[in-house]
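A.B. asks: Here is how the chains run, residue by residue.
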Amino acid sequence: AQKVTQAQTEISVVEKEDVTLDCVYETRDTTYYLFWYKQPPSGELVFLIRRNSFDEQNEISGRYSWNFQKSTSSFNFTITASQVVDSAVYFCVHSGYSTLTFGKGTMLLVSP
Amino acid sequence: NAGVTQTPKFRVLKTGQSMTLLCAQDMNHEYMYWYRQDPGMGLRLIHYSVGEGTTAKGEVPDGYNVSRLKKQNFLLGLESAAPSQTSVYFCASRTLSGYTGELFFGEGSRLTVL
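Going down the list, the sequences are from chains Y and D. The opening residue of the first sequence carries number 1 in this note's numbering; numbering runs sequentially from there. The opening residue of the second sequence carries number 113 in this note's numbering; numbering runs sequentially from there.
Hints may be right or wrong, so weigh each one.
Below, a list of computed lysine-lysine pairs in the DSSO-like style, where the Cα atoms sit at most 30 Å apart [as the list claims (entries may be wrong)]:
hint : chain 1 : residue 1 : chain 2 : residue 2
1    : Y       : Lys38     : D       : Lys183
2    : Y       : Lys70     : D       : Lys182
3    : D       : Lys169    : D       : Lys182
4    : D       : Lys121    : D       : Lys183
5    : Y       : Lys104    : Y       : Lys3
6    : D       : Lys169    : Y       : Lys38
Here are the simulated distance ranges between beta carbons [unchecked claim]:
hint : chain 1 : residue 1 : chain 2 : residue 2 : range
7    : Y       : Pro112    : D       : Glu191    : 45 to 53 Å
8    : Y       : Thr72     : D       : Asp138    : 37 to 45 Å
9    : Y       : Phe47     : D       : Gly189    : 22 to 30 Å
10   : D       : Asp138    : Y       : Glu10     : 33 to 41 Å
11   : D       : Lys182    : Y       : Thr5      : 32 to 40 Å
12   : D       : Gly128    : Y       : Lys70     : 44 to 52 Å
13   : Y       : Thr80     : D       : Leu226    : 24 to 32 Å
14   : D       : Met131    : Y       : Thr5      : 27 to 35 Å
15   : Y       : Thr31     : D       : Gly115    : 39 to 47 Å
16   : Y       : Met107    : D       : Ser179    : 29 to 37 Å
17   : Y       : Val85     : D       : Met131    : 33 to 41 Å
If you're looking for bench data, these hints aren't it; they were derived computationally from the structure. Quantities reported herein were computed from a predicted structural model and do not represent experimental measurements. Built from N, CA and C at the ideal position, the CB exists for glycine as well.
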């Protein structure tokens with residue numbers, strides 16, 4: 001069975017600080033995808049990024065960047081120059097062929 | 113586009129009552145899922161369906177039943193509600209693309225069992 005561990009339950013930063021959210025996964029699948037979702041205080045779940053198990057290139061999208069390292073089974077997410085609007089719960093997700101397994105989430109609190 | 117719609121959005125039940133949550137998607141997606149979200153637990157998979165007429169158990173299926181009689185609808189039933197089923201329930205769908213498709217979520221249904 002797949003398992004996703006987000007060891008950081010809650011992180012508090014001050015606006016403009018950089019912050020990294022850690023994600024470690026366990027899987028027996030040889031092919032899989034990893035996702036990050038954001039859940040702001042309003043409650044909806046917002047898709048952020050998808051990465052397949054064969055693509056270890058880092059990705060940057062604006063202030064967001066992702067570092068996938070298959071050798072350490074990690075898929076970490078960095079927010080550069082954090083903003084108050086980044087305050088949310090962030091979920092790392094493993095996708096097998098049929099099912100998706102969520103980590104327990106990291107709550108990020110960005111204060112002004 | 114409506115996307116994924118869940119009804120009802122809120123419901124309060126007494127222990128032992130039954131109810132059905134309806135999930136409807138208009139994206140012609142094959143795969144549909146029911147998750148529950150509890151504080152500090154992330155989202156846990158209850159049941160899922162890989163196509164019309166098929167269902168399968170997820171991580172926490174006990175106390176729930178599902179049906180997928182039409183491709184666009186996925187129903188989650190509680191036959192005899194218990195306080196432990198107080199939660200926020202999310203329905204999601206994805207395309208028939210194996211690993212790759214991201215989940216499209218409904219807005220959630222908050223259920224309280226007294």
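A.B. asks: With reference to the structure, classify each hint as holding or not holding.
C.D. replies: Status of each hint after checking the structure:
1. Y:Lys38 <-> D:Lys183: Distance ~28 Å between lysine 38 (chain Y) and lysine 183 (chain D) Cα, so the pair holds.
2. Y:Lys70 <-> D:Lys182: violated, 39 Å
3. D:Lys169 <-> D:Lys182: holds, 18 Å
4. D:Lys121 <-> D:Lys183: Between lysine 121 (chain D) and lysine 183 (chain D) the Cα gap is close to 21 Å, so the pair holds against 30 Å.
5. Y:Lys104 <-> Y:Lys3: Distance of about 10 Å is within 30 Å: holds.
6. D:Lys169 <-> Y:Lys38: holds, 26 Å
7. Y:Pro112 <-> D:Glu191: 45 to 53 Å: With a Cβ separation near 48 Å, proline 112 (chain Y) and glutamate 191 (chain D) satisfy 45 to 53 Å, so the hint holds.
8. Y:Thr72 <-> D:Asp138: 37 to 45 Å: With a Cβ separation near 41 Å, threonine 72 (chain Y) and aspartate 138 (chain D) satisfy 37 to 45 Å, so the hint holds.
9. Y:Phe47 <-> D:Gly189: 22 to 30 Å: Holds: the Cβ-Cβ distance is about 28 Å, inside 22 to 30 Å.
10. D:Asp138 <-> Y:Glu10: 33 to 41 Å: The hinted range 33 to 41 Å holds for aspartate 138 (chain D) and glutamate 10 (chain Y), with Cβ atoms some 37 Å apart.
11. D:Lys182 <-> Y:Thr5: 32 to 40 Å: holds, 37 Å
12. D:Gly128 <-> Y:Lys70: 44 to 52 Å: Between glycine 128 (chain D) and lysine 70 (chain Y), where Cβ atoms are some 49 Å apart, the hint holds.
13. Y:Thr80 <-> D:Leu226: 24 to 32 Å: violated, 46 Å
14. D:Met131 <-> Y:Thr5: 27 to 35 Å: holds, 34 Å
15. Y:Thr31 <-> D:Gly115: 39 to 47 Å: 28 Å Cβ-Cβ, so the 39 to 47 Å window is violated.
16. Y:Met107 <-> D:Ser179: 29 to 37 Å: holds, 35 Å
17. Y:Val85 <-> D:Met131: 33 to 41 Å: holds, 36 Å
Of the numbered hints stated above, those contradicted by the structure are hints 2, 13 and 15, listed in ascending order.
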